[in-house]
Every structure is written in C-alpha cells, then in structure tokens.
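Novice: Everything in the sequence shown is counted per numbering that gives the first Met the number 0, starting at 0 for the first residue and increasing by one.
Worth flagging that the hints you see were computed from the coordinates, not collected in a lab.
Treat the hints with caution; some may be incorrect.
What the hints assert, rightly or not - Keeping only pairs whose Cα atoms sit at most 30 Å apart, straight-line, the calculated DSS-like set for lysine-lysine is:
(1) LYS136 - LYS406
(2) LYS406 - LYS420
(3) LYS113 - LYS44
(4) LYS543 - LYS579
(5) LYS113 - LYS136
(6) LYS579 - LYS640
As the list claims (entries may be wrong) - Label pairs and their in silico Cβ distance ranges:
(7) GLU490 - ARG572: 38 to 44 Å
(8) GLU36 - ARG439: 44 to 50 Å
(9) GLY595 - GLN487: 53 to 59 Å
Just so it is clear, CB atoms sit at the ideal spot from N, CA and C, and this is done for glycine as well.
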Amino acid sequence: MAAKAPDYQPVKRNSHSTVRVGDYLYMWGGRQPGLPEVHNNEEKKSMCSLMEVCHLRTGRWEQKPTTGNPPLGVRGYAAAAIGREIFYFGGHCNHDNCCHNSLYSFNVDTFNWKELSPTTSHHGPMMKHHCDMIAIKVNGEDYLVVIGGKGPSSNNTPPQPGAQYSDGVQQQCNEIHFYKLSIGQWISPTVTGDRPPPIHDFTLTSINNSSAILFGGETANRDSNNVYILNFTDTSVNCTKLSNPGRSGQWPKERRAHSSVLINTSSGPHLLVVGGADIFVSIPDIWIFDINNKSWKELVNIPDNVTKRCYHSLSVWSVTPTTNWIIVFGGGTLYRDTAVIELRYTSNNDWSTSIIPLDQYQEKLQERRREWEASQPVQPEDRREIDRLTRVLQERERELQEERREKEQVRNRLQQQLQEKERQVQQAQQERERQIQEGREREQDLQKQLQQAQQQVQSRERESQERERQLQRQVEGGQQREQDLQRQLQEREQQLEEREREFQQRERQLEEQIHVAESSWVVNRREITMTEVVLGKGGWGEVKVAGFRGLKVAAKCLYEVIISPYNIGTFSREMNIASKIRHPNLLQFIGATTEGNPIILTELMPTSLRKELESGGVAYPAILSISLDVACALNYLHLFKPHPILHRDAFGKIKKVELAPDTAPGKHRGWGFIDYENHKSAADGISSMNLFDLGGQFLRVLTPPLPLFPPNAAPVLPSLLTSAALGYSSSQNKDPNLCIVDGDDNGNKKSMVSILGSSARMMIMQKLSRKSE
Numbered sequence: 000m001a002a003k004a005p006d007y008q009p010v011k012r013n014s015h016s017t018v019r020v021g022d023y024l025y026m027w028g029g030r031q032p033g034l035p036e037v038h039n040n041e042e043k044k045s046m047c048s049l050m051e052v053c054h055l056r057t058g059r060w061e062q063k064p065t066t067g068n069p070p071l072g073v074r075g076y077a078a079a080a081i082g083r084e085i086f087y088f089g090g091h092c093n094h095d096n097c098c099h100n101s102l103y104s105f106n107v108d109t110f111n112w113k114e115l116s117p118t119t120s121h122h123g124p125m126m127k128h129h130c131d132m133i134a135i136k137v138n139g140e141d142y143l144v145v146i147g148g149k150g151p152s153s154n155n156t157p158p159q160p161g162a163q164y165s166d167g168v169q170q171q172c173n174e175i176h177f178y179k180l181s182i183g184q185w186i187s188p189t190v191t192g193d194r195p196p197p198i199h200d201f202t203l204t205s206i207n208n209s210s211a212i213l214f215g216g217e218t219a220n221r222d223s224n225n226v227y228i229l230n231f232t233d234t235s236v237n238c239t240k241l242s243n244p245g246r247s248g249q250w251p252k253e254r255r256a257h258s259s260v261l262i263n264t265s266s267g268p269h270l271l272v273v274g275g276a277d278i279f280v281s282i283p284d285i286w287i288f289d290i291n292n293k294s295w296k297e298l299v300n301i302p303d304n305v306t307k308r309c310y311h312s313l314s315v316w317s318v319t320p321t322t323n324w325i326i327v328f329g330g331g332t333l334y335r336d337t338a339v340i341e342l343r344y345t346s347n348n349d350w351s352t353s354i355i356p357l358d359q360y361q362e363k364l365q366e367r368r369r370e371w372e373a374s375q376p377v378q379p380e381d382r383r384e385i386d387r388l389t390r391v392l393q394e395r396e397r398e399l400q401e402e403r404r405e406k407e408q409v410r411n412r413l414q415q416q417l418q419e420k421e422r423q424v425q426q427a428q429q430e431r432e433r434q435i436q437e438g439r440e441r442e443q444d445l446q447k448q449l450q451q452a453q454q455q456v457q458s459r460e461r462e463s464q465e466r467e468r469q470l471q472r473q474v475e476g477g478q479q480r481e482q483d484l485q486r487q488l489q490e491r492e493q494q495l496e497e498r499e500r501e502f503q504q505r506e507r508q509l510e511e512q513i514h515v516a517e518s519s520w521v522v523n524r525r526e527i528t529m530t531e532v533v534l535g536k537g538g539w540g541e542v543k544v545a546g547f548r549g550l551k552v553a554a555k556c557l558y559e560v561i562i563s564p565y566n567i568g569t570f571s572r573e574m575n576i577a578s579k580i581r582h583p584n585l586l587q588f589i590g591a592t593t594e595g596n597p598i599i600l601t602e603l604m605p606t607s608l609r610k611e612l613e614s615g616g617v618a619y620p621a622i623l624s625i626s627l628d629v630a631c632a633l634n635y636l637h638l639f640k641p642h643p644i645l646h647r648d649a650f651g652k653i654k655k656v657e658l659a660p661d662t663a664p665g666k667h668r669g670w671g672f673i674d675y676e677n678h679k680s681a682a683d684g685i686s687s688m689n690l691f692d693l694g695g696q697f698l699r700v701l702t703p704p705l706p707l708f709p710p711n712a713a714p715v716l717p718s719l720l721t722s723a724a725l726g727y728s729s730s731q732n733k734d735p736n737l738c739i740v741d742g743d744d745n746g747n748k749k750s751m752v753s754i755l756g757s758s759a760r761m762m763i764m765q766k767l768s769r770k771s772e
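Work out the full structure: start from the sequences and follow the hints.
Specialist: Here you go:
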C-alpha cells in the first residue's frame, strides 16, 4: 500500500532499525502502539508484514506490504545489509521473556521474507535481544557477525566456548558468532585481544569489509563508554580496547540505547554517535570519533528534539563528498518524528552542523548539489554530458532494478517449485519410512507370534514327552493295563464315530425336511401376473390383485428396504408355519416366492370389515357371526400342535377381517410379515394379548357412529360378550380374570372367554340399550 499523503510519516516506534540500500531507507518492526503482546497471531503478522520505505531523493515515506512470513523477533533485533538483501537476527517477541535467534533475509526488490536459520535452543547464538550485527567480506566470502546481547538464562542454547554470561533470569553475554552465507552455518571464531565483557544496548558499526568499531552499552555493573576496534579474518577476531584517557581529552559519558553511523571523509573514517541514555535519563548530545586519530569531539548547536532520544534509528546519506545527511527516526522519549541532521566537513578539517526542515528537504538537497557542482571546475559541455550520463545511469539503474526484480520473482517461483518438489519428495520418503516401519513392526509381530508358536510347540512337545514317559511307565507297570486302555480308547473312538454318523444322518434328515417344507409353499415368480389394483399398503409391503394359475389372488410384495439376511430367515420360518395352517375362518395361504423381493399369495376376498364399516356399517347379526368366526380362528391357532401360535394383532385396525358375500364365513386375514409367532407354551399368558385385542375391536364395531342394531338386540348382548372370543377353559388358563364358562342346552360346557371387565360390559349395555330405545 502506498502512503495516503505526501507528508505521510510512519507510526512512532522504538527498538527498531533503519537500513539504507541505495537511495532508500527500509524501516521494519520495533515497539509500536497496538502491537499484540503474543507470540504470534494474524494481527501481529499483519503489522509485521509492512515495511516503511523512505526515498532519500525526495524525503518521502511510504508503507509497502511484504510477502512471506516475517520474523517473530519484532523489537530489539539486529540488522545489516549485503547487496540488495537486508538480514535480521534475533529480537524480543513482545511477550514475556520470549526471545529468538532466528536469521531472516529480506529482498528489497521482491519484498519477500525468507528464513535462513530458525529459532532453536540446540545450536548457534543464544536467543537474545539488543545485540548487534554487521556484514564483513573476507577472501571473497560474505559473513554476518553477531556480538553480545541479552536473553533468558533458561531453555537457551548451549554456552559458547570462551564466552561469558552474567547472572540472573535475563543474562548478558559477550558471544561472537559468524554466519557464513555460502554454506548457511554458524561458526564460533577464535577471539583474541581485549574481548568486551557481557554487554547489550551497544552499537557495532562497520569501518570496512574486515573491521568494525563497538561503542558504549550496558554491562553487568554499569553503562560503558569504552571503544573497541575489532579486526576479522574468516576464523578469528582480534579486539583492541580504547578507554577514556581522563582529563587529557574529550570523551563522551557512559551510555546505552544510543545510535551510531560511519562518516567517511578525505581524512579518514569517523564514528557519529547520537543520543542514548544512562541509568536515569536520556543524554541529549552528539559526538564524532576520529578512528584514525582515536579522538572524540562533541558537536553542538543541535536541538534536544533531535539528540534527546534513545532506542532510535540512525542512517547516513552522502549528499556530496563533503556533506552528509543523518536521518533520525523514533525513539523511546518524547521526540519520535523524523529529523535530518546536516553534517558538513569543512576545508580546515572541521565540522559544521545544522538541521534540515522536512518541508525544505528537496529544496536544500538541490541547493547542496548546486553548490558542489559550482565548486567543481567543470566545463558547460562536460556538465551537459554529465547530466546526460546521469540520466542514462538513472534509467539504466531503473532497468536493472526491474530486471533484478523480475529475476528475483523467477528465482522465488523456481524456489517455491523446488520447495514443493522437496516437500513431495520428503512426504514420499516419510511415507516409505512409515511403510518400512510398519513392515518392521509386522515383522516383529510375526517374529513374536513365531516365538510364541515355537514356545507353544516346545511346551506341547514337553507335555507330549511327559505323557509319553508316563505311558511308558504305565506300560512298564503292566501290559494288561495298557491293553485295557487301548481297548477303552477303541471303544470310545467307535462311540464317537457312531455318534458322528448319527449326527450326520440327523442333519441330512433335517435338511430334507426343510427342503420338503420349503418346496411345499415356494411358487415360481413367473407364474404370477401382477395388476395395478392396490388392495392396501402396510409397514412391510403393498398388497395388489394378481393372477396365479388362472385364479385371482391377493399378492403382498414386501418392501425392498426391509430385506435383510435376518428378515429372509424369519420370512422362511413364517412361511413354513403358514403352509401348515388350514381352517375355514383363516385366510387361505397359497404360497410365496423366494427370489428377489418376496411375494406372499393368499386367497382374494371381495371385501373387508373395515370397508363395510366405513361404507355404512354391518348389521348386528353379521357382527355376531363375524366375531364368532374370528374367535374360532384364534381358538384354532391357540390350540395348534405341537406349539400354539399367537397372532398379537387379531383385528389390526379392523382391516384384518375379510368378509365373503352373503352367508360365507368371515375370515381372519393378518397375512402381514411376521404376523404369526410360534410359542412353545400357551400357558404363559401371552395369548391374553390376542384376546384383549379381540375384545377391544368388538367394542369398536359394537359402538359405531351410526345405529346398526335392531331394537331387540339388547337381550342378546350378554351372549355376545361371553362369545367374544373362544379360548381356554378355566382349567387350562392360569388367568381366571380372562375366562368365564358358558354352556349349551344339553349342559355341555364350552370354553368361552370374555376379555371385557364389568365396567366395559355395563358401558356397552347402556349404549346399546339407548340405541335400541
């Protein structure tokens, strides 16, 4: 995202870094308002995925989004640039005592983050914050150097040999590590000379490709104002300490949390130090150190809003060979905005300072360059050529930047593809390793099983040997006993063989009986001609009119959803029972199919009791006749041999009583799936369910909404109630409340059952008496 206005300024912050690459400053992270105090979440990642960029030629800031995962060490980190990449090490995570020792790179062309070394407690520098890092180049190899810092004493990396660590929960260190970019590994160099003590909040500034200067910082006892010159090789570092000589010269006071940059002049390199703090307050001063002469000089006439800062960032931009602009941003004090210090090296080897107002930035920049150009003896034609070459150079630089950006995008795309391939290969390797591990586990299981089997075989062999020894002792004890045992063994084997033959014969007989039983009722599906006339639908199937061998029959087709191996077995058992039942008051079972969805065939009745009741009712004499017919059917089922049959749904919503025309008997239908149940004992009282159901349906048909009975019906009601159901006599039924005994004119007793209580009989009597009146 670009800045919303030309005067856009980044949000205030401290404990951050600003790194210059070319004519741009790149500022990231730091402690800032709204930064979540968590290890990681989407809000923190969103804030840390923004890079603040300042174009030094215009002095304008803009905010740009980045790609990839940014570092979690968002404040107190160390940063250094090599070419078009900025490297970020360590830092505080902004929650608790969480610190990191990860190393990330940020490409200024693609704005993409890349993790080079993850945070780990196993190797490398300790997880820490407020250390410092520079880039060096030795023998053509690029290295990063990380020195000092502060971090938690627990759950951290192993101590570096030769390094020192302070006491406490948060400990300072004087570790020195190299990171060799070509191999991506951390190296512990050999340290000689005056090694700094455990320290943090100092500045480490490159002098050239193989040397640096360290100033200030906080040690275990106090703040420091010592200067250390560090010289590097590819495997070592030599440290030289420069201390305050006392009254013989100027020297800045002890400090920490300051910032510094290197200023190159014709007389040599100089270190510029701005601000900082001691243990109590901020220090509003600015000093410059002549590295060659080892001398300090304090610069004056700089306002406090520029110098009175700590934990701020400092960058230098060479406007002309003698003029440098120092860009200051942020800090942990009241002054946090961008400030520009102009530092000019005069002809008498002295320094002049001034402040560049932000609203005069471009004007002052052009003015300084015109001054420089005017001071140089350049011919007009040379100036025009220089301008032309400058424009060409700028255009070429833009083209190169675009080319680098495109190449970086291609490289990133290829790298992503390579990473995806590596991930796939890794997944394949993991899958192969998992399969190998599973194979090993299976092999181990088989070996265990084999060992167990061998142990069992050995145990059985020992048992067999023991039995053999016992038998041998028995043989030795007496030949007769052995013969007796052999004879008994032969007899038992003969008995077992005989029993086995009997069992096989009995099994064949049962199979033949089952085959004969099934063959008696199984019909061929091709002999059935279905029609579209639906007689009814139930929970188990649909009943239609069908033709079978020239006869119209009722065909019940079972639903496909109820077909299961268990229900098929139950279906065959029920059909075997149904094929054995014959009674004039039971609907005649004709047969059933077994292939596909089963179809049950029964005789077709012209009407049913339900239809008659719904169409206008049935006369009382017909009801009496139907009731006696159904009772006779139940009596037949209850007395069926060898085991009684319980129906459990004598009328089933009235529909299970079929009526023949005129004087033909009423028939109990009920040929639903598993409507009949064969019980071993009728004396267990379960038959009372049929009788109760029968009596309840009598009550329903006797009290329809329309008067169906003649005026003389009342006198015969007692006989009707006692004839409600034909069941067991009181000597056979163990429930006397369900049985009454009635007789005929000759005194012969009949087994008649009344399943209605006295209150129900009285209610029916009263209702029918009112109807007859």
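Novice: Now look at each hint and say whether the structure bears it out.
Specialist: Results of checking the hints against the structure:
Between LYS136 and LYS406, the direct Cα distance comes to roughly 24 Å. Compliance with the 30 Å bound is thereby established for this hinted pair. This hinted pair checks out: LYS406 and LYS420 have alpha carbons roughly 21 Å apart, not beyond 30 Å. Of the pairs offered as hints, the one joining LYS113 and LYS44 holds, with about 14 Å between alpha carbons and a cut-off of 30 Å not exceeded. For the hint pairing LYS543 with LYS579, the CA-to-CA distance comes to about 24 Å; that is within 30 Å, so the pair holds.
For the hint linking LYS113 to LYS136, the alpha-carbon distance of about 22 Å falls within 30 Å, and the restraint holds. Simply put, LYS579 and LYS640 have alpha-carbon atoms about 10 Å apart, close enough for the 30 Å limit, and the pair holds. In this structure, GLU490 and ARG572 meet the distance hint of 38 to 44 Å, their C-beta atoms being roughly 41 Å apart. For GLU36 paired with ARG439, a C-beta distance near 47 Å keeps the hint of 44 to 50 Å intact.
Under the hint 53 to 59 Å, the C-beta atoms of GLY595 and GLN487, about 57 Å apart, fit the expected range.
When the structure is compared with the earlier hints, no violation turns up for any of them.
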